[in-house]
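2 protein chains.
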Amino acid sequence: MPSQPPSQRRYTPLALPQVQIEDLFWAPRQRSLIERGLPHQLDQLQRSGAVTALEQRPGPLAIPILDWGGTPQMFWDSDIAKWIEGASYALALQPDPALEEKVDALVAALAAAQQEDGYLNTYFTAHAPHQRFTNERDWHELYCAGHLTEAAVARFQVTGKRDLLEVMERYLELLRSVYGPGPGQKHGYPGHEEIELALLRLYRVTGRPEHLAFAQYFIDERGKSPNFFDEEARARGEDPAAYHQGTHQYAQAHRPVREQDQVVGHAVRAMYLYTAMADLAAQTGDQSLWAACTRLWQDLTGKRLYVTGGLGPSAHNEGFSTDYDLPNATAYAETCASVGLVFWASKMLEASGDGRYADVLEQALYNNVLAGVGLSGDRYFYDNVLESRGDHHRWEWHACPCCPPNALRLILSLGSYAYGAGESELAVHLYIQGRARAEIAGRPVELAVETRYPWEGKVAIRLGLESPLPFTLSLRIPAWSRDTRLWVGGEPVQLADCLRDGYARLERRWSPGDLVELQLDLAVRALHAHPEVRDDLGRIALQRGPLVYCLEGTDHAVPLHRIALSQKQVAALAARFKPELLGGLMVLRGEASALDTSDWDTLYRDLPARLQPQPLTAVPYAFWDHRASGAMCVWIPRSG
Amino acid sequence: MPSQPPSQRRYTPLALPQVQIEDLFWAPRQRSLIERGLPHQLDQLQRSGAVTALEQRPGPLAIPILDWGGTPQMFWDSDIAKWIEGASYALALQPDPALEEKVDALVAALAAAQQEDGYLNTYFTAHAPHQRFTNERDWHELYCAGHLTEAAVARFQVTGKRDLLEVMERYLELLRSVYGPGPGQKHGYPGHEEIELALLRLYRVTGRPEHLAFAQYFIDERGKSPNFFDEEARARGEDPAAYHQGTHQYAQAHRPVREQDQVVGHAVRAMYLYTAMADLAAQTGDQSLWAACTRLWQDLTGKRLYVTGGLGPSAHNEGFSTDYDLPNATAYAETCASVGLVFWASKMLEASGDGRYADVLEQALYNNVLAGVGLSGDRYFYDNVLESRGDHHRWEWHACPCCPPNALRLILSLGSYAYGAGESELAVHLYIQGRARAEIAGRPVELAVETRYPWEGKVAIRLGLESPLPFTLSLRIPAWSRDTRLWVGGEPVQLADCLRDGYARLERRWSPGDLVELQLDLAVRALHAHPEVRDDLGRIALQRGPLVYCLEGTDHAVPLHRIALSQKQVAALAARFKPELLGGLMVLRGEASALDTSDWDTLYRDLPARLQPQPLTAVPYAFWDHRASGAMCVWIPRSG
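Protein sequences appear in the order of chains Z and V.
Note that the numbering used here gives residue 316 to position 316 of the first sequence, counting from 1, and the numbers run on in steps of one.
Note that the numbering used here gives residue 448 to position 448 of the second sequence, counting from 1, and the numbers run on in steps of one.
The set of hints was computed from the structure by calculation and includes no laboratory data.
Treat each hint with caution, since some may be false.
Heads up, the list lumps identical chains together, so a pair's fine if it works in one copy or across two of them.
[What the hints assert, rightly or not] Straight-line distance between alpha carbons at most 20 Å, and here's what the computed EDC-like set of lysine to aspartate or glutamate pairs gives:
1. 303 / 318
2. 186 / 138
3. 568 / 606
4. 303 / 601
5. 186 / 173
6. 303 / 606
7. 303 / 596
8. 303 / 599
9. 303 / 261
10. 458 / 514
Start from the sequences and build out the full structure, keeping to the hints where you can.
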C-alpha cells in the first residue's frame, strides 16, 4: 500500500467558525447535543461527583463512598475536560452566555485545584497525593492532562480565553520535569495515550517547540526495552508479571511504535496513539513513523474493522482480539474507539490527501459514532453491537462516561473535519449542506454547498470569490460511488481525467458564482465480508452511500434471524424517504424471504426450510433503537 | 403426540449375561474400557482421594487439603459407586478375579464406613457429621445413596453377592425414617435426582414394595408448595431467595412433576428424574405421570436436543436455556446428560414399545455418548462441542469426574439396551453383531445377529429354537432408513404390512434356523435444523445411519469455516471404509466448495466470495479429536 509520504501536511482543517452546517442531517444532531446533551452531561457529571471533585482539597486518604454508591474516579478530570471542549465548540456554533458562564466556572475550579507546583489532578490531590506519578500504567494522570490540554486549546481557539491554557502550560512544565530522557527523570509515557495528540494541538496553537518535543518524546520512548511499566511496577514493589492485563499490547507498549504492525490492545488507547503518530509524522516528515501508520492502517481496515466503522470487538480488553474476529452480537465496538478512528483518519488524510482515509472517516462517523448518540442527544451507547436480540439499549449514563462527551465534542466540531485547505487547494471531504470560508493565497473563498446528502447524492457547490482566482477545488469521490457524475458550469467533466487519490481535482481559474455539481451514486450495495470473518459467512450487509443499514424487529412480523435476502431481491430494494420517521430518514423497502416454520414438526429434517415472501424494511444503523425495543441485525443471511 | 400409555411395561431388557457383543464397533470399545478405562479410573479415584475417603472416620471437622491440592468432595461416593457398577458389568462380560477382588475391597470399605444407624456417606461422616440431612438442595447425600444403590443392584445381579445390597437396605431404612410424609419426617426429595431410578431398579430386584413406595414418594413430593429446599434453607437460617442457582428449575423442583411441560435446569438431574418418572409410570400405570413424560420428551426432542443427542447447551447451569438455543462452539452437552438421555429413552421404550424412543436412544449413544470416551478408554470429554477451533480435547481426569464412570457403565452394559423381551415378543432395538438369548413362554430363543452395522445396513438374524415357536420378532426400523428392505427365509416382506410404532412386527410360528434379513438404508443425509436454531441457519449436518459426521481440520487444507456443501455435492458423497483409520471406520468423501480468499484485498466488497473445488472428508463425530488436534465442525455451511 504505497501512500504519499507526508513531506509536509497536505491539508489543514478549517477553523470551526469558518464552517456553517445548515443541513437536515447533522444540524439537528448538533442542536440536540447543544440543547439537551450538554446540560444532561453536566448534570450527570454533577450527580456522579465529578464536578464536586474539582473542589476537593488534600484531606483524609480514605476514598469516600458517594451518595450514588460510587467512589471518586481517577479519570473524572478527563470527562470534565471533554465537556469543556464540547461546550467550547457549542459556543463557536452559537453564543450562549449562560453556557459560557458554566464553562468559566469549571475552568476557574480547575485553576483553583492546581497545586503550588503546577500539579493538576483532582483525584490524586484529594485521595492519593503520595501516589502521584507512581503508576502511569494503570492510572490516568497523563491521560487526564491530555484531555485538559485539548480543552484548553479548544477554549482558547473559540473564545480567545487563555486561562486554562496557562494552567496547562504550568502543569506541562511540571510534567516535563518528571518525564524525559534526563538522569533524574522517569523515562516513561502514558498508560492511556491522549496527551501526545493534545500536545501536538497545543504546539500548533502556541508554536512552542517544547510541546512538539514532549509529544515526540512520549511517542519515541513508548515500548522500549526494558519496559517502563515493568520498571514502574518493580518500583512499587510489585511483580510486573502480575499485570492484570497480561500484556503490554494492551497499551501498545509491547514494542517501539515504529516496529508495530498490528493494531492491538485497548482500542481507544490505540486510536489516540495512532492519531498522534500520524500527526507527528506529518509535522516532522518522519518517514519511518509514517510507514508504521500506514501499516497499522492497513491492518485495521484490512482485518479488524466492522463494516459500521466500529473496532475493538472484545469486551475483555475493550479492544482488539485476532484477525477477522468480528462477532456481531457481542461486538464491543466502543463509541469512543470510533471517535478515535475519526481522529486518526483525519490526521492520515491531512498528511496524505488520500481519499481512502476520508472514506473510513466517513464510514465510522455516519455509522458507529452516530449510533453512539441517540437522536435526543442525551442517550448513549457505550458498546455498539451489530446484532441484538432486543436487550441492547442506549443508557442515560455510565460509570465510565467517556463516550458521551467524546461523541459530543466530535459532532459539535464536525465542521472542522469537512474541509481541508492546502496550498492553492481547497478540498471538500464531507458533503454537508452549508457554507465554508477559507483563504487561498490571501484571498477569501467561500463555498456554498447545497445537498440532501446522505439521503440524496446530488451536491451543488457555488463559489464565492471576490474576483477570479486560480486554485484546485478537490471534491472527494467516495470509493463506493460507482457511477459518479460531475459538472462544472453545467458542462460534464470526465472524472477519469481529474480523479487522483480519491478526489476529483478541479484545477481552474475559478470565477465568482461558478457552479460545480456532483452526482454521487447512492445505489444500494450488498456488502460481503472476507471469508475469514466467520460471523458474516453467508450474509450480506446493506449500504447506501455512507450509511450502513440494519433490520429492526419492530418493522418485521417474523423474527429477524429468519429473514434472508437474495442478490436479486437486493437489486430490487427501493430507497424511500420517510419524512415522519425519526425526523426524516431514507428507508430501504422491498421483498425478502423468510424461512417458513409452519411445516416443521421436528427439530431436524431432510428438507431445507421453505422460503416465503417477506416484506423488508431496512433503516440506517445510526438510527436504530429509537422505536419499539426489539431485535436488530446488520448482517442478513443470503438466500442465493 | 399420542403415545401408547403404559398400562403395563411393554419390554423388559435382557439381563447382561444373556447378550453377547461380538462386533468390530462396540466390542473394541468395551475391551478398551475394561482393559484401560477401569484401571485408569480406579487409579484416578485413588489419586484424588476418593478411595482413601472410604476409610476416613469421624474426626476433626476441618476439611483437609489433599496432596494434589483438592479437598474431599461430597460426591465422591457416587463416583466409587459408578465404578463398582461398571466393574460389575465388566465381570459379567468376562471373569476377572483380580478385578473382582478390587470390587470386593471397595465394597468392604463401604460396609466398614457405614455408621451404627445405617448412615453411609463418607464425606459427611468424616467432615460434616452435624450437617447430615440439612441441605439436600446443594449437597449430594441422596444422590450418592442412589448411585450406591445402583451399584448394589448391579453387583448382586452379576455376582449374586448381597453384601452391598444389605448395606444399602440398611441405609435406605434410615433414609425412609428421615424422609417421608409423617409428622416427624422431612417432606423432601433429592437435590440431585438419582435415587428414584435406583430405588425402582432395587424394587425389581428385591420385590420389596417399600422401595417402589419410596421412589414414588420422592417423585410425588417434588416441587410441591411450599418448596422443600426453601424450608430447608430457612431451617439453616438462610434466605431462600439467596439460592445461588436462582431458580428451583435448576433441580426440576419448581412445580410438581406432573405439571412440568418443559425440560429445564441441570440436564443430568433432569434426565435422571425423567428416567424414574417413566419407569414409575410404566410400573404403576400412572397415566398423568406418563403424560408428563411424553410432554417433556416432546419438548426435549422438538426444541432442545442437539443433532448429536447432546443436551443442556449452557455451561452456566450445566443445563437447559431457551427453546432452540443450541450453540455449537459453546455447547455444554455434558456426556453424563446424554448417558441420562439413553436411560430415559430406554424407559420410554420399555414402557411404550415405540421406536421413536429407540431412535433417540441410538442417536445419543452413537454420537454424544460415544464421543465422550476416547478410543483408548482412558480419555474423556466432559462437554461435547459441535464446533471447535482446535482447543477442545479429551482430558485424563476432571475435578468432578462424573462422566468417565457414567459412560463406562453404560457402554459395558450396552447389551441390556439392545433387546427387549415382551409377552410373546422379542424386540431388537439396536443392531449389534453377536448373540442374544431370551425365554418366550418358558422356551429358549436365541438370536444370532450378523451385521457390520453401523458401517453397513445389512443385518442377518438367525433364530435358534429348540422347536417351532409362535411369537413376534420385532425389528426396529429407524425413522432415518428411508428405503428399508426385509426378507424372511429369503422371501421379501412388505414393510408396510408389518410396520407398527417403528418396528417391523414379524408375527410367525418360527422354526429353528429361520433367517431374517434386514437392509437398512444408510444413504448419507443432509439434515437441516429448524429455522429457529440460529446457530445452524444455512447449514447442514451429515448423517449416515445413526452416525452424525463432522469435518476435522486435519483432513482439510483450508480452514473448515470456509468449506461449504451444496445439495448436489451431498448427493455425490461416497462412503468409504478405511480399515487402517482409528481401528476402521467409514469416512465420507467427495467434493465440496471452499470460499476463495486469494482475490480478496479488502475486508468488505460488493462481490461474493468465489467458490473453488475442495476435497471433503467427513468422519463420524464419535471419533473426532483422535488425530492431529485441530478444528472440527458438525454443521457445514450450505452453498445452495
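Should residue 303 paired with residue 599 be assigned to within, between, both, or neither, using CA atoms and 20 Å as the limit? between (41 Å within a copy, 15 Å between copies)
Taking 20 Å as the upper bound on the Cα-Cα distance, should residue 458 and residue 514 be classified as within, between, both, or neither? Intra 17 Å, inter 87 Å, cutoff 20 Å: intra-copy only.
Up to 20 Å CA-CA - residue 173 versus residue 186, copy category: Intra 14 Å, inter 76 Å, cutoff 20 Å: intra-copy only.
Could you place residue 303 and residue 261 in one of the four classes (within, between, both, neither) given a Cα distance threshold of 20 Å? So residue 303 and residue 261 pass the 20 Å test inside one copy only (12 Å; across, 47 Å).
Treating 20 Å as the Cα threshold, decide for residue 568 and residue 606: within, between, both or neither. Classified as between; 14 Å across copies, 27 Å inside a copy.
At most 20 Å between alpha carbons: which applies to residue 303 and residue 601, within, between, both or neither? between (42 Å within a copy, 10 Å between copies)
Tell me, please, which holds for residue 303 and residue 596 at an alpha-carbon limit of 20 Å: within, between, both or neither? between (35 Å within a copy, 16 Å between copies)
Alpha-carbon proximity context of residue 303 and residue 606, limit 20 Å: Between. Shortest inter-copy distance 17 Å satisfies the 20 Å Cα cut-off; intra-copy 37 Å does not.
Evaluate residue 186 and residue 138 at a C-alpha cut-off of 20 Å and name the case that applies: within, between, both or neither. The answer is within: 16 Å in one copy meets 20 Å, while 55 Å across copies does not.
Check residue 303 against residue 318 for me: Cα-Cα at most 20 Å, and say if that holds within a copy, between copies, both or neither. Close inside one copy (17 Å), not across copies (35 Å); limit 20 Å.
Hint compliance for this structure: no hint is broken.
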